[in-house]
Amino acid sequence: MISNSEKDFIVDGCRENCRQDGRTRNEIRSYMTISGSNPSIESNDDDSSEQHHPPLVLSNGSARVFLATGETHVLVSVKAELMTPAMSHPDCGALDIHVDYMHNPQGMTNSKKDDSMAPTIASLLLPHLVDPKQLCVVPHHFVWKLHLDVMVLASNGGSLLDACSLGIQAALRNTVLPQLTPEAAPDGGRPILQIDADLQNAVPIPGSEHAPIISTVSLLKPNAGSGSATPILILDATQQEEACAVSQVHVVLDRSNQNQKEPLICAIHKAGGGALPFSLLQDVTSFVLEANGGAAKVCSGSGHEHLLQETFLLQ
Amino acid sequence: MMQLVIPGQVIASSSIEGGGESKDENSFLRGHGTYVERVESEERLIASVCGTVQRMNKLITVIPFCESRYAGNVGDLVVGRVTSVATSQWTISLVSQQRDARLPLSGVHLPGGAQRVRTAQDQRDMRLFLQEGDLICAEVHKVQPSDGSLSLHTRSFRYSKLENGSLVQVPPSLIPRRKNHYMSMINNTLDVLWGTNGNIWIQRKLKELGGEEANNLADLQEQLRQEHASTPVLPDERQSIARLRNAIESLRLVHSMVTPEFAEEIYNRSVTFGLSPSQILLPQNVVSLTEICRQ
Numbered sequence: 001m002i003s004n005s006e007k008d009f010i011v012d013g014c015r016e017n018c019r020q021d022g023r024t025r026n027e028i029r030s031y032m033t034i035s036g037s038n039p040s041i042e043s044n045d046d047d048s049s050e051q052h053h054p055p056l057v058l059s060n061g062s063a064r065v066f067l068a069t070g071e072t073h074v075l076v077s078v079k080a081e082l083m084t085p086a087m088s089h090p091d092c093g094a095l096d097i098h099v100d101y102m103h104n105p106q107g108m109t110n111s112k113k114d115d116s117m118a119p120t121i122a123s124l125l126l127p128h129l130v131d132p133k134q135l136c137v138v139p140h141h142f143v144w145k146l147h148l149d150v151m152v153l154a155s156n157g158g159s160l161l162d163a164c165s166l167g168i169q170a171a172l173r174n175t176v177l178p179q180l181t182p183e184a185a186p187d188g189g190r191p192i193l194q195i196d197a198d199l200q201n202a203v204p205i206p207g208s209e210h211a212p213i214i215s216t217v218s219l220l221k222p223n224a225g226s227g228s229a230t231p232i233l234i235l236d237a238t239q240q241e242e243a244c245a246v247s248q249v250h251v252v253l254d255r256s257n258q259n260q261k262e263p264l265i266c267a268i269h270k271a272g273g274g275a276l277p278f279s280l281l282q283d284v285t286s287f288v289l290e291a292n293g294g295a296a297k298v299c300s301g302s303g304h305e306h307l308l309q310e311t312f313l314l315q
Numbered sequence: 001m002m003q004l005v006i007p008g009q010v011i012a013s014s015s016i017e018g019g020g021e022s023k024d025e026n027s028f029l030r031g032h033g034t035y036v037e038r039v040e041s042e043e044r045l046i047a048s049v050c051g052t053v054q055r056m057n058k059l060i061t062v063i064p065f066c067e068s069r070y071a072g073n074v075g076d077l078v079v080g081r082v083t084s085v086a087t088s089q090w091t092i093s094l095v096s097q098q099r100d101a102r103l104p105l106s107g108v109h110l111p112g113g114a115q116r117v118r119t120a121q122d123q124r125d126m127r128l129f130l131q132e133g134d135l136i137c138a139e140v141h142k143v144q145p146s147d148g149s150l151s152l153h154t155r156s157f158r159y160s161k162l163e164n165g166s167l168v169q170v171p172p173s174l175i176p177r178r179k180n181h182y183m184s185m186i187n188n189t190l191d192v193l194w195g196t197n198g199n200i201w202i203q204r205k206l207k208e209l210g211g212e213e214a215n216n217l218a219d220l221q222e223q224l225r226q227e228h229a230s231t232p233v234l235p236d237e238r239q240s241i242a243r244l245r246n247a248i249e250s251l252r253l254v255h256s257m258v259t260p261e262f263a264e265e266i267y268n269r270s271v272t273f274g275l276s277p278s279q280i281l282l283p284q285n286v287v288s289l290t291e292i293c294r295q
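Those sequence lines, one after another, are chains F and Z. Residue 293 in UniProt numbering sits at position 293 of the first sequence, with consecutive numbering throughout. Residue 127 in UniProt numbering sits at position 127 of the second sequence, with consecutive numbering throughout.
In short, the hints are calculated from the structure, not lab data. One or more hints might be untrue.
Computed cross-link-like contacts, DSSO-like style, restricted to lysine-lysine with a CA-CA straight-line distance of at most 30 Å [as the list claims (entries may be wrong)]:
no., chain 1, residue 1, chain 2, residue 2
1, Z, 205, Z, 161
2, F, 7, Z, 207
3, Z, 161, F, 7
4, F, 221, Z, 58
5, F, 221, Z, 161
6, F, 7, Z, 205
7, Z, 161, Z, 207
Keep in mind it's a predicted model, so treat the numbers as computed, not measured.
In isolation and in its complexed conformation, chain F is listed as follows (with noise of 0.2 Å):
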């Protein structure tokens, strides 16, 4: 809930280009990835990104997505299990996606609980994820199906479908599958798999470093005394601009091609009511391309935020 005088001031410091926290309208707050289970201190090397981190027991891959300010905080864990394939896509493996929220009694509380944020993800980003084809272990036979789940241990931070996206970008990247070598079956039938259950030869899908991110862009409606009607559109929104804000559109950014500067659009989702005009949404997405145009603004392993997440947040 908030009053409408906050609303006025949100809005008019959005106008003005200093937001509540002091960020301009395309500034992003810092998010904080750690890949796996076990954060060790020494992964501010420069080559961390390199060496593989140790996934969650009983997943092939997981990652931990949060706001320095602890206000946003999100665990994805990728699961992978055998089965098989459907008759009309013999060859292709599959996504399968759930978010859950995290029940917490302390002081961190889980505003909304939003059920459809679950299908929102699903349509936006599972098409984009991985191609299905590399999945695929023997056709006909044995294929990947991959099990996202997100946990939403705390969402007062807004912005929650960015987050989640950027944690299953994480839990991809740091997901390994084991080793599969298929021996024929002698009468010709299904084969039989073996599998090398030592973690050190498993190997990362192919194509999942570069999984598409959700960028959202918050429109708010200008109040009245201040002459113009455009809408003005941020970035990252917090909670409370949220809370202000007349629609939101989803832009779903993909980042695999190399050779070109910006990223590629591949899928936009408005959500929240009002109406958008369709020159509007040209400026939506031109103003997602500025601001997402260098590089990702994501850090990780900078050394600081394991002190501030393991010695103060976790004491």
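Since the structure of chain F is provided, determine the placement of chain Z on it from the hints.
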């Protein structure tokens, strides 16, 4: 002296002689956060929560140590949000997931400061005064002895609806009680309300009251508020509000006491370091800025 106890720890014991009233000088009265256990000829008072012991003559209570709980005291300044409007009272949320406080219609000043019994017409007009979602600052008027629920009042020109500013929330335990919770900071450019329930309100400085019109203080104050609420905040003021907000936020992140002195110190340090308001919240800056507050 503060005595910290954990659940199950024996705080006091007294012997029971002959079953009657204990004449023992160690006898006690059981307060909140404790329970009594009888072992042979002895009665033991044991803590049921983790917290600090408070002794009032023979009454022994344990004040629970829980950072997200707010235990109100009479006279506290609080900043809360109106959650509902009922027939003759507003309910005010002070801390999330804790019971709401009530602000009775008789606990507010009528417009113009008229002194009279509240009528049915006043009840119908309650929403014109405060509606759902509005932020107010108020004083704790009464703590209900039976369940600890609070009733508030705003019957002073200092308390009112809050408009045109920024709210920061920190755990209530991080706000120490002090003489004055209404402060002017940063070279008298900002007014800050340090609500004891953990809500901090930052707005630009209101104009000083003129002394000669003291007989009509309520009207004058009302006029000033209206003027403040309708005047847009300048970009510079917005920057310093954001900077102070982030300074308070960084204190919360390191679980340091949130006091005006610390907040102002961090504000000034961030200016000396040449950080923009949004850069204060980067982890490495939070750690270096709050160094002085963590000793």
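Numbers of unmet hints, in rising order: 4
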